[in-house]
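Chemist: One letter stands for each residue in the lines below.
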Amino acid sequence: NAGVTQTPKFRILKIGQSMTLQCTQDMNHNYMYWYRQDPGMGLKLIYYSVGAGITDKGEVPNGYNVSRSTTEDFPLRLELAAPSQTSVYFCASSSQFERTDTQYFGPGTRLTVL
Amino acid sequence: KNEVEQSPQNLTAQEGEFITINCSYSVGISALHWLQQHPGGGIVSLFMLSSGKKKHGRLIATINIQEKHSSLHITASHPRDSAVYICAVSSYNTDKLIFGTGTRLQVFP
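Taken in sequence, the protein lines are chains X and A.
If you're matching positions, the first sequence starts at 86 in this note's numbering and goes up one per residue.
If you're matching positions, the second sequence starts at 79 in this note's numbering and goes up one per residue.
Among the clues, some could well be false.
What the hints assert, rightly or not - Anything over 12 Å on all C-beta distances counts as not near chain X; from chain A, calculated: (1) Leu-89; (2) Ala-91; (3) Glu-93; (4) Lys-133; (5) Thr-140; (6) Lys-146; (7) His-147; (8) Thr-153; (9) Pro-157; (10) Asp-159; (11) Ser-160; (12) Pro-187.
As the list claims (entries may be wrong) - Partial list, derived from the structure: chain A residues whose beta carbon lies under 10 Å from chain X: (13) Ala-109; (14) Phe-125; (15) Met-126; (16) Ile-176; (17) Gly-178; (18) Thr-179.
Claimed, not checked - Per label pair, the in silico range of CB-to-CB distance: (19) X:Pro-168 - A:Val-105: 30 to 40 Å; (20) X:Ile-100 - A:Pro-187: 38 to 48 Å; (21) X:Ser-152 - A:Gly-118: 21 to 31 Å; (22) A:Ser-108 - X:Asn-86: 23 to 33 Å; (23) X:Asp-158 - A:Ala-154: 34 to 44 Å; (24) X:Val-135 - A:Gln-184: 30 to 40 Å; (25) A:Gln-92 - X:Gly-125: 19 to 29 Å; (26) A:Lys-133 - X:Leu-165: 44 to 54 Å.
Please keep in mind that the hints were generated in silico from the structure rather than gathered at the bench.
Computed from a predicted model, the values in this text were never measured in an experiment.
We put the beta carbon where it would ideally sit given N, CA and C, even for glycine.
Could you build the full structure based on these sequences and the hints that come with them?
Modeler: Have a look at this one:
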């Protein structure tokens, strides 16, 4: 199993550009999450999904959108990139909701918005 | 004040030393997680516990629910243990994980 994979690993965007961060898991997990990690700060939940077709906002959803059309994929969309979205983004998945089960993390995407 | 506080923020040790990293939290929780973030950025879950103690190899995690405190111990530390160790709690109120800011550990040969 590859676990949780993310693409791209690195990306530089100009202000106002759009992009999609891809996340795929092959563990048949129902629950998937997107976090951002800013320097010196703890991970913050952006969006999460409890299954295909169901998504919900986390702590810091503004400026992002997600979709979950399949169990495996959970892409994160940035529509109008802003410097405040410069961060490292992690996708994670678990078989049960996060408070009851181990989460498996992807390798992260380092995004810089200039 | 953060709901999850870790100490110390930074820690250096010589190979072979016994390491302790502390985590205190201020919310009601259903579980506490310890995660390891490698220098390359990848995050691995080490433990999830809701009471008592868990051991995996040279790593031991303990939790005291009454005192709202957890410790992560590393016995016979090794340079490959160098990483950021992150504490996170599953809050009853929000049902989400709340993360600490991490403890950066460097172990020198």
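Chemist: Ser-152 of chain X and Gly-118 of chain A, beta-carbon distance inside 21 to 31 Å?
Modeler: Distance hint for Ser-152 of chain X, Gly-118 of chain A holds at roughly 29 Å.
Chemist: Against chain X, is Thr-179 of chain A within 10 Å by beta-carbon distance?
Modeler: holds (5 Å)
Chemist: Does the hinted range 34 to 44 Å hold for Asp-158 of chain X and Ala-154 of chain A at CB?
Modeler: About 42 Å separates the Cβ atoms of Asp-158 of chain X and Ala-154 of chain A, which means 34 to 44 Å holds.
Chemist: Would you assess whether Thr-140 of chain A, listed as outside the interface, keeps its beta-carbon beyond 12 Å of every beta-carbon in chain X?
Modeler: The claim holds: Thr-140 of chain A sits with its nearest Cβ about 18 Å from chain X, beyond 12 Å.
Chemist: Say whether it holds or is violated: Lys-146 of chain A keeps its Cβ farther than 12 Å from all Cβ of chain X.
Modeler: holds (16 Å)
Chemist: Can you verify the interface hint for Ala-109 of chain A: is its Cβ closer than 10 Å to any Cβ in chain X?
Modeler: At about 6 Å, which falls below the 10 Å cut-off, the nearest Cβ of chain X leaves the hint on Ala-109 of chain A intact, so it holds.
Chemist: Does the claim that Lys-133 of chain A lies off the interface hold, with its Cβ farther than 12 Å from every Cβ of chain X?
Modeler: holds (16 Å)
Chemist: With chain X as the partner, please determine if Gly-178 of chain A meets the hint condition of a C-beta pair closer than 10 Å.
Modeler: holds (6 Å)
Chemist: Looking only at beta-carbon atoms, does the pair Gln-92 of chain A, Gly-125 of chain X fall within the given range of 19 to 29 Å?
Modeler: holds (26 Å)
Chemist: Holds or violated: is the Cβ of Glu-93 of chain A farther than 12 Å from all Cβ atoms of chain X?
Modeler: holds (27 Å)
Chemist: Quick one, is the Met-126 of chain A hint okay against chain X at 10 Å, beta carbons?
Modeler: holds (6 Å)
Chemist: Can Ile-176 of chain A be said to touch chain X, with a Cβ gap under 10 Å?
Modeler: holds (7 Å)
Violated hints are absent here; each numbered hint is respected by the structure.
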